[in-house]
Amino acid sequence: AAQERVRWGVPIAFGSNLTALGDTLPWVADRLRAMSGGRIDLRVQEPGTVIPALGVFDAVSEGKVDAGYTWMGYEIGKVPASALFGATPFGMEAIEFSAWYWFHGGKDLLMKIYERHNVVPIFCGAISPEGAGWFRAQITSLDQVRGLRFRAAGLGGRIWERVGASVQLIPGPELYQALERGVLDGTEFSLPTVDEQLGFQRVAKFLHLPGWHQPTTNQFLYVNKAVWDKLQDTTKAMIETACQAGVAYAIARAEALQGAVLNRFREQGVTVAQLPEDVLKRLQQATKEVLDEQAARDADFKTVLDSMRRFQAEHQPWKHLGYLPRNWPATQ
Amino acid sequence: MTKVPTRPGEAITGHLAGLPPFAPADAIERAVRGIGKVFALAWLALVLITVLAVAERYAPPITAAMAAVFGPNPGTALTELQWHIYAGGFLVGLSYAMTVGAHVRIDVFAEHWSLRTKAWVELAGMALFLAPFAVFVLMHAIPFVERSYALNEVSPSPGGLGGRWIIKSFIIVGFVLILAAALARTMRILNYLFRHRAG
Amino acid sequence: MLETYELIVIALMASFILLIFTGYPIAWVLAGVSFWFVVIALWGAETLDWDTFMLDRWIRFSVIVDRIWSQMQNSVLVALPNFIFMGIMLDKSGVAEKLMQAFTRLFGSLQGGLAISVCAIGILLAASTGIVGASVVLLATLSLPLMMAYGYSRQLATGVVAASGTLGILIPPSIMLVIMADQLAMSVGDLFMGAMIPGLLLGALYIVYVVVISNVSRGVAPHPPDAPKVTLGLVLEALRAMAAPAALILAVLGSIFFGIATATEASAVGAFGAMLLALINRRLDWRTIKDVCYGTASTTAFIMAIFLGASAFALVMRSLGGDEFIAHMLKSLPFGPDGIIIVILAIAFVAGFFLDWLEISLIFLPLVAPVVRALGYDPVWFVVVFAVMLQTSFLTPPVGFSLFYVKGVAPKEIETRDIYLGVLPFVAIQLLVVFLVFEFAEIALWLPREVYGAAAR
Ligand code: NA
Ligand code: NA
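First to last, the sequence lines map onto chains R, A and D. FYI, the working numbering numbers position 304 of the first sequence as 304, with every residue one higher than the one before it. FYI, the working numbering numbers position 131 of the second sequence as 463, with every residue one higher than the one before it. FYI, the working numbering numbers position 413 of the third sequence as 944, with every residue one higher than the one before it.
Since the hints were made in silico from the structure, they are not lab data. Some hints could be false.
To be verified - Quick list of simulated restraints, FRET-style, between CB atoms: (1) Ile541/D with Arg5/R: 24 to 30 angstroms; (2) Glu115/R with Pro929/D: 50 to 56 angstroms; (3) Glu478/A with Trp102/R: 51 to 57 angstroms; (4) Phe880/D with Pro356/A: 46 to 52 angstroms; (5) Arg814/D with Ala396/A: 33 to 39 angstroms; (6) Gln244/R with Glu478/A: 31 to 37 angstroms; (7) Glu478/A with Glu93/R: 37 to 43 angstroms; (8) Lys302/R with Ala399/A: 24 to 30 angstroms; (9) Asn484/A with Ile873/D: 52 to 58 angstroms; (10) Asn484/A with Ala137/R: 37 to 43 angstroms.
Because the structure is a prediction, the values reported are computed rather than measured. C-beta: ideal position from N, C-alpha, C; glycine also.
Working from the sequences, and respecting the hints, build out all of it.
Shown next, in the form of structure tokens:
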């Protein structure tokens with residue numbers, strides 16, 4: 001059979017100018033054009049130009065576009081289990097998630113859940129942890145968290161709320177000003193490099209890490225099921241392989257940039273520090289409660305969460321013993 | 333200044349001043365305008381709710397009172413309520429604005445045309461521009477709302493509002509009302525062009 | 532050679548311009564033209580084998596529903612009805628009239644005092660809102676009837692309102708700049724500071740123009756018939772009348788500045804404050820509240836309808852490859868760097884004919900920004916020039932969004948032609964400022980550097 005031509009408009013949820021967060025799919029699309037001799041042409045559509053940034057899943061599901069690319073956590077209001085695939089608080093890091101997804105049943109679970117929505121999700125990008133947040137004052141104790149006016153989305157927000165923060169819903173465009181003027185005491189946003197691009201270091205002088213709420217940010221290429229089923233096997237293979245390369249690309253690119261940016265923040269007078277241990281422990285305890293409650297409400301969520309926890313437990317000794325401790329100095 | 337006519341709208345007083353009254357059209361417009369007036373009070377509600385949301389952020393007693401209604405984190409619900417009111421308000425307002433003749437026209441040439449010419453243009457606009465677009469939107473809004481209902485879609489934000497299909501269904505409400513207002517306008521013009529020509 | 536879909540895009544734009552002169556509401560012309568170009572494109576693809584880019588099936592256009600939903604969820608636009616509510620409430624409660632009279636008394640011996648007041652209030656409003664439609668409508672509601680009553684020329688009156696009301700997108704806080712920063716992954720602070728001086732410069736030049744024209748051409752801005760001499764007592768009286776509304780604007784600005792509320796919430800604080808002033812004036816009865824609500828409903832709806840129509844138009848244009856068309860064109864230009872910038876500005880100017888700022892920020896800016904960066908220009912400077920150019924575009928006949936908004940709320944005796952002619956001198960001033968910022972980049976770059984330091988850039 002003659003080789004088919006594929007030309008899709010592919011809306012993305014993050015602008016392609018956001019390093020690592022937004023530039024993975026454009027890279028995948030370039031690779032696909034190159035390896036197919038232009039036969040597979042994914043035309044990236046910037047957020048909002050055709051499809052609203054948060055409408056990618058719906059549009060693919062209903063066949064309004066053939067494919068789209070987004071962070072899976074956005075689907076929490078429609079398909080609660082999606083939140084776990086997007087990022088699990090105190091959950092797996094990018095490499096661990098890849099291990100679970102491809103070799104411990106994660107992919108099968110997701111395929112089954114999304115099939116009901118006519119969507120074939122292809123894992124196509126994972127990046128380093130986000131920052132825990134930008135704060136106007138340094139967090140040194142658990143007391144400060146009570147009543148803290150903090151903006152956090154999704155599961156992370158639910159957990160902050162549980163530990164006593166006053167979680168605020170501030171629209172994205174207004175975040176910067178709200179933080180600058182003190183409507184907010186703090187906000188989480190994204191990777192430190194992306195935060196730097198948007199200038200958060202100008203308006204808040206304390207960057208807390210680690211990204212406990214989002215140890216990885218997993219993005220997927222959603223393809224409409226009817227469209228996918230009609231593709232030739234060679235085309236499917238190329239797209240799947242390019243996406244798998246996209247995961248490697250994103251992990252490497254995100255990791256490559258964060259060290260330098262933390263140094264730049266420090267030069268600009270930003271205090272970069274981890275959240276105190278008691279705060280993290282309290283957050284972890286709240287995370288368990290919130291995840292268990294959600295699992296009690298939604299069967300898919302429970303299945304996925306159980307599978308993830310089983311893998312984490314199994315993997316734990318290796319994670320603990322197989323690597324040098326995180327704070328082990330690089331040169332002695 | 334925004335004039336709010338109490339008599340049947342622009343068809344009689346504005347761009348198409350001089351169109352004769354026509355009872356069936358008047359009745360439909362009155363109904364659309366009545367619904368529009370009820371929903372116009374949303375704008376008062378929006379102001380009050382937003383001020384309440386700001387107060388809630390700083391006044392624990394208000395937070396406590398709101399928490400009784402919206403749950404432990406009332407700020408999120410109050411913030412979402414704002415755009416819910418705005419969304420429902422402007423969608424219903426589209427048809428109300430039509431009945432009071434508020435939609436902007438570039439009448440730099442049209443203002444010199446005869447009423448008959450203007451009536452023909454309006455008829456063509458209703459039939460060729462507004463109606464096909466509105467029908468198209470309706471056709472696709474219905475599955476859009478159904479889908480939200482089937483998924484039991486809720487706010488993705490902690491403490492946010494549930495029942496997303498309800499606010500989404502205002503697309504349907506809004507466009508049905510627009511079509512009703514357009515129908516009234518069309519009837520009024522047809523009456524003028526074909527039944528009323530002696531007058 | 533142009534692709535078929537590029538030709539369709541050109542036809543789409545031309546059709547819109549021609550058809551708005553039928554006098555049929557702009558919003559539905561935008562929506563209807565979009566619809567028919569989907570029909571044309573699909574028909575051409577089916578029967579003539581046209582390449583219609585991404586517009587290959589009806590379902591592509593059904594994205595309009597998702598876009599309406601996105602418009603519904605746009606929590607930033609929530610400020611629009613609040614500011615409109617505030618304006619109409621101030622008007623119906625007599626507060627606006629008192630304010631304008633106070634300004635007029637103060638500038639009474641000055642030719643064109645009322646128009647100067649409009650500029651001054653425009654600058655103040657600009658500092659409290661960043662939404663074009665909201666400030667234009669607010670200012671027009673407050674001042675047009677009074678200027679008419681004082682015998683101002685309709686052209687000067689509408690021109691000064693349209694121009695001053697559009698300042699809000701440059702003088703911070705500006706939602707447009709926020710969205711541009713978001714699109715380009717730039718710092719909002721840089722853009723706010725960068726646009727500040729050009730915005731204030733524009734406001735100042737408007738005032739200079741009003742002073743000059745009202746002295747040269749005495750009929751356009753007559754003295755109030757009973758203009759008293761300015762005495763200390765008069766100044767105090769004027770100050771007292773100004774106190775209440777000034778407090779209101781300060782409340783809006785203050786709640787943003789002191790971090791009590793977001794800019795959107797501050798709009799509601801303003802509207803609520805207007806109700807309190809009406810109450811103090813003993814004019815807050817149920818009748819007034821209902822009238823204000825009705826007025827807010829129709830004014831908000833006509834603006835949102837234009838947004839909705841423009842969204843459909845943008846969807847079709849984008850699906851037909853309108854943006855790739857522009858990128859393609861920019862790449863093939865035979866000009867040097869400055870020439871390319873000028874072409875980009877010209878495109879921004881023309882794009883303002885068809886699309887509102889939201890769509891332009893979403894569609895065109897991300898498209899041209901990488902080109903500008905690659906040429907080695909400072910992105911802050913570029914966005915500021917671009918923003919001033921867009922603002923100009925909103926004021927330029929025949930298709931200018933600010934002009935539509937003025938027309939939407941103007942007293943009936945004001946014709947489209949008055950607005951078209953009235954705004955021309957202000958367009959000239961705008962172009963002058965575009966030129967100045969273009970030539971002297973420091974106008975845009977000095978303040979951000981002073982505030983944030985060079986190292987941070
Ligand atoms: Na502003
Ligand atoms: Na224009």
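Hints, one by one, checked against the model:
{"no.": "1", "hint": "Ile541/D with Arg5/R: 24 to 30 angstroms", "result": "holds, 26 angstroms"}
{"no.": "2", "hint": "Glu115/R with Pro929/D: 50 to 56 angstroms", "result": "holds, 52 angstroms"}
{"no.": "3", "hint": "Glu478/A with Trp102/R: 51 to 57 angstroms", "result": "violated, 35 angstroms"}
{"no.": "4", "hint": "Phe880/D with Pro356/A: 46 to 52 angstroms", "result": "holds, 47 angstroms"}
{"no.": "5", "hint": "Arg814/D with Ala396/A: 33 to 39 angstroms", "result": "holds, 35 angstroms"}
{"no.": "6", "hint": "Gln244/R with Glu478/A: 31 to 37 angstroms", "result": "holds, 36 angstroms"}
{"no.": "7", "hint": "Glu478/A with Glu93/R: 37 to 43 angstroms", "result": "holds, 39 angstroms"}
{"no.": "8", "hint": "Lys302/R with Ala399/A: 24 to 30 angstroms", "result": "holds, 29 angstroms"}
{"no.": "9", "hint": "Asn484/A with Ile873/D: 52 to 58 angstroms", "result": "holds, 54 angstroms"}
{"no.": "10", "hint": "Asn484/A with Ala137/R: 37 to 43 angstroms", "result": "holds, 40 angstroms"}
Checked against the numbered hints above, the structure breaks only hint 3 and satisfies the rest.
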